[in-house]
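Chemist: Spelled out from the first residue to the last, the chains are:
Protein chains: 2
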Amino acid sequence: MATAAARAAIGDSEFDRDTAAVPRPGEPGTYDIDLSAGWMIISALNGGYLLAVLGRALREALPHHDPLTITAHYLTASQPGPAVVRTETVRSGRTMSTGQASLFQRDEDGQDVERLRVIAGYGDLDALPDDVRTSATPPPMASYANSVSSHDTPGVSPLPGSAAILDRLDLRLDPATAGWAVGAPSGAGRMRGWLGLADGRDHDALSLLLAADSLPATAFDLGLKGWTPTLELTVHVRSRPAPGPLRVSLSTRNLAGGLLEEDGEIWDSADRLVAQSRQLARAPRG
Amino acid sequence: MATAAARAAIGDSEFDRDTAAVPRPGEPGTYDIDLSAGWMIISALNGGYLLAVLGRALREALPHHDPLTITAHYLTASQPGPAVVRTETVRSGRTMSTGQASLFQRDEDGQDVERLRVIAGYGDLDALPDDVRTSATPPPMASYANSVSSHDTPGVSPLPGSAAILDRLDLRLDPATAGWAVGAPSGAGRMRGWLGLADGRDHDALSLLLAADSLPATAFDLGLKGWTPTLELTVHVRSRPAPGPLRVSLSTRNLAGGLLEEDGEIWDSADRLVAQSRQLARAPRG
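Those protein sequences? They're chains G and Y, same order as listed. Counting in the UniProt record's numbering, the final residue of the first sequence is number 286, and the numbers go up one at a time with none missing. Counting in the UniProt record's numbering, the final residue of the second sequence is number 286, and the numbers go up one at a time with none missing.
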C-alpha cells in the first residue's frame, strides 16, 4: 500500500483508537469499550483484535507494561458495539505480574454474556537481560515485494464474503501458501505472510497479539473451507518488534478429532523471533 | 523398571491417589487435597503433578471429562500438605466446557496464598470424530531398552539434589540428550525420553498433564545449570494415549531476555501424537 499519506504513529492509529478501553469511574479494574466493526471477519470480530483489547486493558490494570505470555479462551462470538472489560490482578511481583480479564457484552435479554477470558503474565520487555541464544531461523518466504497483497488481488480474501479487517491490515501472502485462493492449496497446512497495519503504524507488543491471529487459516492450505473457530490461543511475546512489517508463519501438523493446532512464529524486520503462538481450533467441515 | 509386582491400574495407582481431591460438603466446586511429597523436585512440587491435580478437580466440576487445552500460570511454589482447589464453571456447551481452577495453601500467618491458576477447555476425547491428517512424525530417539534410566544411573538426575519424583516415574532419557548429566551437554536445547509411571499404571489424559512437565529442563542441554521455573504451561491433549510408555520430546529454540520456551510433543506407543505442550520459563543464571 504505497501511500502519500503520513504514517500513523504508535498511540495514534486505528488500532490504538479501536483498542482503547475507558476506565469506569468508581469501579477499579473495569473498562468500557465500543468494539469497532472495522475488525470483523464475516460475522464476528477477529480473535487477535479481541486479544489486543484485553491485553491493553491488562496493561492499564497491572503494574507491568508488556504481555509476556497471554492465553485466551473464546467462549461466544463478539459483535461490534459496547462491551465491558473486567480485570483482576492475580499477583504482583517485582519483575512480573499476573492478571486475568474477561470481555462481556449484553445480549438481547439484557444479560451479560462473557465473550472471552484471558490469563496473562506481564513484565517489562525493555528491562529483560540482553542475552539471546537462538537456534530458530526466519521462515523461508517470498519477499514483501513478491508477496500477494489482499488489496491488489480481490481473489485473495481470507474467507469468502466480506472481511472488513482486510482494510485495516497490509497483508501480503507468500505465493507458496496462497494457492488455496485460486483452488490449488498446497496441502501442507502452512500460511505465511507479511503483516503491517494499513495506516502505517509500526508494531508494538500489543499489535503482536493481533498479528498472531490475522492470517488466513492454515486449514485453507489443507484444502478445507469454512470457519475455523479458535478455542484457545496462547501468545508469548519475546521481544519488542523493530519497525516495519512482520513476517508471520503458521503451520498445522496435526488435524485430529475435528481439532487442529496452529503454531505461529512472528519475526520482525531485524530478523528477531518476537513472538511465538499456538492455538487450538475447530477444523472446518469442508 | 522390570518388576515382578502387579502393574497398577488407572484409577488405583500412586498418581491417582495423589491427585484425588475431596469435594468439600456444602461448597460446590471446592475440593480439599493433601499434596504428596512424592512429587517433589528439590524444594517444590513438580508443575506437571500440580497441573494434573487441578485437571482432575476440573474433571469433577465440569460436565465433560477430558482436558483438551489447559493453561497454568504458576504463581508461588507449592509445598506438600493440605491445599484447597476452587473451581469455576465458566461455560457449559454441548461438546465442550470451559473451567477455571486455583490451588491455595495457607501460609504461616494463616492467609490463603494462591499457588497456581488454570483455565481449560474440556471435552470428550472418545466422542471426537476419527479423522486424522497429520504431517507430524515421531521424534528420532533411542529405543526404550537403549535409553538411560534415572534408576540405574545415579548420575542422571534432573537436578542436583534429591528428586523424590524420580521414584514415581519410569524415566529413560535418550542418550543423545543425556550428555549434560556427565558434563557434556549437546548445546542443542533438546530433551527426549521414555516416560512411564513407576508402579506400571498406563497413561491417560490426566497423566499426560504430568508428562508434559516431567523431563529434565532443556536448559541443561544448553549447558545451563540450576532451577528453570515455569511461568506458564499450556498442554493440548489430542488423543487418549495407548498403553505403554510415552515418548516425550522437548526443544528450546529461543532463549532471550532471560526467558525460554520449551516446546513439547508427546507420542504414544501407537505412534500417535497424543499431546502438544509449550511453556515459558525463566532461564537458569548458570
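Derived by calculation from the structure, the hints in this document are not laboratory data. Note that the coordinates shown come from a computational prediction; the quantities given were computed from them, not determined experimentally. Just so you know, not all the hints are guaranteed correct.
What the hints assert, rightly or not - Covered stretches of chain Y (in silico footprint by chain G; criterion: 3 or more residues with CB under 8 Å from a CB of chain G, positions within the stretch not fixed):
{"#": "1", "segment": "62 to 75"}
{"#": "2", "segment": "239 to 250"}
As the list claims (entries may be wrong) - From the derived model, a few chain Y residues whose C-beta atoms are all more than 12 Å from chain G:
{"#": "3", "residue": "Arg-7"}
{"#": "4", "residue": "Ser-13"}
{"#": "5", "residue": "Val-182"}
{"#": "6", "residue": "His-236"}
{"#": "7", "residue": "Glu-265"}
{"#": "8", "residue": "Ala-283"}
Said to hold, decoys possible - Not everything, but these chain G residues come out facing chain Y in the computed CB check (under 7 Å):
{"#": "9", "residue": "Val-84"}
{"#": "10", "residue": "Arg-86"}
{"#": "11", "residue": "Glu-88"}
{"#": "12", "residue": "Gly-179"}
{"#": "13", "residue": "Val-182"}
{"#": "14", "residue": "Ser-186"}
{"#": "15", "residue": "Thr-234"}
{"#": "16", "residue": "Arg-238"}
By construction, the Cβ of each residue, glycine as well, lies at the ideal position given by its N, Cα and C atoms.
Chemist: Hint by hint, note whether the structure agrees.
Modeler: Comparing the hints with the structure gives:
With 5 residues carrying a beta carbon less than 8 Å from a beta carbon of chain G, the segment 62 to 75 of chain Y meets the three-residue requirement, and the given coverage holds. Residues of the segment 239 to 250 of chain Y with a Cβ under 8 Å from some Cβ of chain G number 1, which does not satisfy the need for three, so the listed coverage is violated. With a least beta-carbon separation of about 28 Å from chain G, Arg-7 of chain Y lies farther than 12 Å from that chain, consistent with its non-interface assignment. With a cut of 12 Å on Cβ distances, Ser-13 of chain Y stays outside the contact zone with chain G, its closest approach being about 26 Å.
Separation of Val-182 of chain Y from chain G is adequate, the least Cβ-Cβ distance of about 22 Å exceeding the 12 Å criterion. Non-interface status of His-236 of chain Y relative to chain G is broken: a Cβ of that chain comes within 12 Å, the nearest being about 5 Å off. Consistency note on Glu-265 of chain Y: stated as away from chain G, yet its beta-carbon is not over 12 Å from all of that chain's, at 9 Å minimum. Consistency note on Ala-283 of chain Y: stated as away from chain G, yet its beta-carbon is not over 12 Å from all of that chain's, at 8 Å minimum.
Interface hint status for Val-84 of chain G: violated, as the beta-carbon distance to the closest one in chain Y is roughly 16 Å, over 7 Å. Checking Arg-86 of chain G against chain Y by beta carbon gives a least distance of about 13 Å; that is not within 7 Å, so the hint is violated. Interface hint at Glu-88 of chain G: violated, since its Cβ lies 10 Å from the closest Cβ of chain Y, which is beyond the 7 Å cut-off. Hint on Gly-179 of chain G is violated. Least Cβ distance to chain Y is approximately 17 Å, over the 7 Å limit.
For Val-182 of chain G, the interface hint is violated, since its Cβ never comes within 7 Å of a Cβ in chain Y; the closest pair sits about 22 Å apart. At a threshold of 7 Å, the smallest CB-CB gap from Ser-186 of chain G to chain Y is about 11 Å, leaving the interface hint violated. A distance limit of 7 Å between C-beta atoms decides the matter here; for Thr-234 of chain G the minimum to chain Y is near 5 Å, and the interface restraint holds. For Arg-238 of chain G, the interface hint holds, the least distance from its beta-carbon to any beta-carbon of chain Y being 5 Å, beneath 7 Å.
The structure fails hints 2, 6, 7, 8, 9, 10, 11, 12, 13, 14 (numbered hints given earlier, in ascending order).
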